[in-house]
Amino acid sequence: MSTTGTLRWTPTMIWSLLGELAREENHAALYGEKKGEKTHGDTKKAIHKRIAGVLFPDTPTANETAMANKVKSKIENLRDTYRTQLKRLTQTGGGLGGNDETGDSGQDSEGEDEAEATTMSVSYIGADGPDENTSASARNLWEDILKKFPYFSDMHSHLCGRPNTIPPAITTGVGPSGPTTVIHRASQPSQAPASAPVSTSAETPARRPALAPVSTNTSGGKCTPRPSSFGTTAAAVEKAKIKIQKTPARKNFEDRLAETAEKSLAASLRIEEKKMILSQLDQLDRKRDAVFRGCENKLYTAEESRLKLETIDNTEDSLRCKLSDLDDTPELPSAKRARRSVSDSSDEDDD
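Take the sequence shown: its position 324, counting from 1, is numbered 324 in the UniProt record's numbering, and each next residue is one higher.
Calculated from the structure, these hints are not laboratory results.
Hints should not be assumed to be uniformly reliable.
[To be verified] Under the rule of at most 27 Å between Cα atoms (straight-line distance), these lysine-lysine pairs were calculated in the DSSO-like manner:
#	residue 1	residue 2
1	K70	K44
2	K275	K287
3	K72	K147
4	K263	K287
5	K241	K74
6	K322	K287
7	K275	K298
8	K45	K274
9	K308	K322
10	K263	K241
11	K275	K263
12	K45	K70
13	K148	K72
14	K147	K45
15	K147	K74
16	K70	K298
17	K298	K287
18	K322	K44
19	K263	K308
20	K148	K87
21	K45	K263
22	K49	K72
23	K263	K274
24	K72	K274
25	K49	K274
26	K298	K44
27	K87	K44
28	K322	K274
29	K298	K308
30	K70	K147
31	K241	K70
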């Protein structure tokens, strides 16, 4: 397997990667701690390199950084795909087929579908997957997601509830019935008071909102706008003053000059580092030529020449990785020459 070219991720490699991400010392630092967890002080770059060392133990030391970058890219790709599929579970309706399903009685279900779209703004499924409280439409959607992205369940088990992966709630804008808050995580079940009256509502629990709104509408069924959050004009003025005080001060001329000088110095250092690396690459080309000449003149055996060329190639790969990490570095054509077969050159000399 090439450690510097394009890496083809097989399902076995992806499952092994997910197994490493499930470790507490890895996912707590990459995705945020859950309650009761703690990070181990490692940086994300160190974690990527550690996972790459587990998945690819035969990687040469010179290519460890390149392999860590490949692991980082794959983790980001899996996380983006997970978020894309997760959005399907947080859309209005939360099931497959939308409003196309009708009852067996043939009655008009338009009113029921409208009520479901209003009250079921999210289909929450916990870290353990669907349970007895999960609706049939959400189960169907879950199965459809697993067919398209089989790693979703495993990622959901350790990403569900992470503060930087799934937001705790989203509040929509003001609509006909006021703003609506969508909770993306499971809430603790509450015990109803013993004196609470028995509900006579005909709606099923699946269609009942998670938090029943308290209506104070006295306008004969018409929706009334929600009171302004600003309250009085004085309160709005106070809030405006607080925001103004938090506005950062504008940089003066000396600050901008110092910032420009710092950027220029950093750019100069990058240019010097590039020149040094290019000089080292040129030296490697000369060493490679010397090896070829030594092989032709019988100074080295075929095996000795192969080992020397392999060392030169590994050093060149390491230098090119450093060169690619520098900002604004254009892609350079490979300075490697077409490697001539040592055995062929030996045959020519024999002739």
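Going through the hints against the structure:
no.: 1; hint: K70 <-> K44; result: 13 Å, holds
no.: 2; hint: K275 <-> K287; result: 19 Å, holds
no.: 3; hint: K72 <-> K147; result: 25 Å, holds
no.: 4; hint: K263 <-> K287; result: 36 Å, violated
no.: 5; hint: K241 <-> K74; result: 46 Å, violated
no.: 6; hint: K322 <-> K287; result: 20 Å, holds
no.: 7; hint: K275 <-> K298; result: 35 Å, violated
no.: 8; hint: K45 <-> K274; result: 23 Å, holds
no.: 9; hint: K308 <-> K322; result: 22 Å, holds
no.: 10; hint: K263 <-> K241; result: 35 Å, violated
no.: 11; hint: K275 <-> K263; result: 19 Å, holds
no.: 12; hint: K45 <-> K70; result: 12 Å, holds
no.: 13; hint: K148 <-> K72; result: 22 Å, holds
no.: 14; hint: K147 <-> K45; result: 32 Å, violated
no.: 15; hint: K147 <-> K74; result: 20 Å, holds
no.: 16; hint: K70 <-> K298; result: 41 Å, violated
no.: 17; hint: K298 <-> K287; result: 16 Å, holds
no.: 18; hint: K322 <-> K44; result: 19 Å, holds
no.: 19; hint: K263 <-> K308; result: 41 Å, violated
no.: 20; hint: K148 <-> K87; result: 14 Å, holds
no.: 21; hint: K45 <-> K263; result: 24 Å, holds
no.: 22; hint: K49 <-> K72; result: 9 Å, holds
no.: 23; hint: K263 <-> K274; result: 17 Å, holds
no.: 24; hint: K72 <-> K274; result: 25 Å, holds
no.: 25; hint: K49 <-> K274; result: 24 Å, holds
no.: 26; hint: K298 <-> K44; result: 50 Å, violated
no.: 27; hint: K87 <-> K44; result: 26 Å, holds
no.: 28; hint: K322 <-> K274; result: 9 Å, holds
no.: 29; hint: K298 <-> K308; result: 15 Å, holds
no.: 30; hint: K70 <-> K147; result: 26 Å, holds
no.: 31; hint: K241 <-> K70; result: 48 Å, violated
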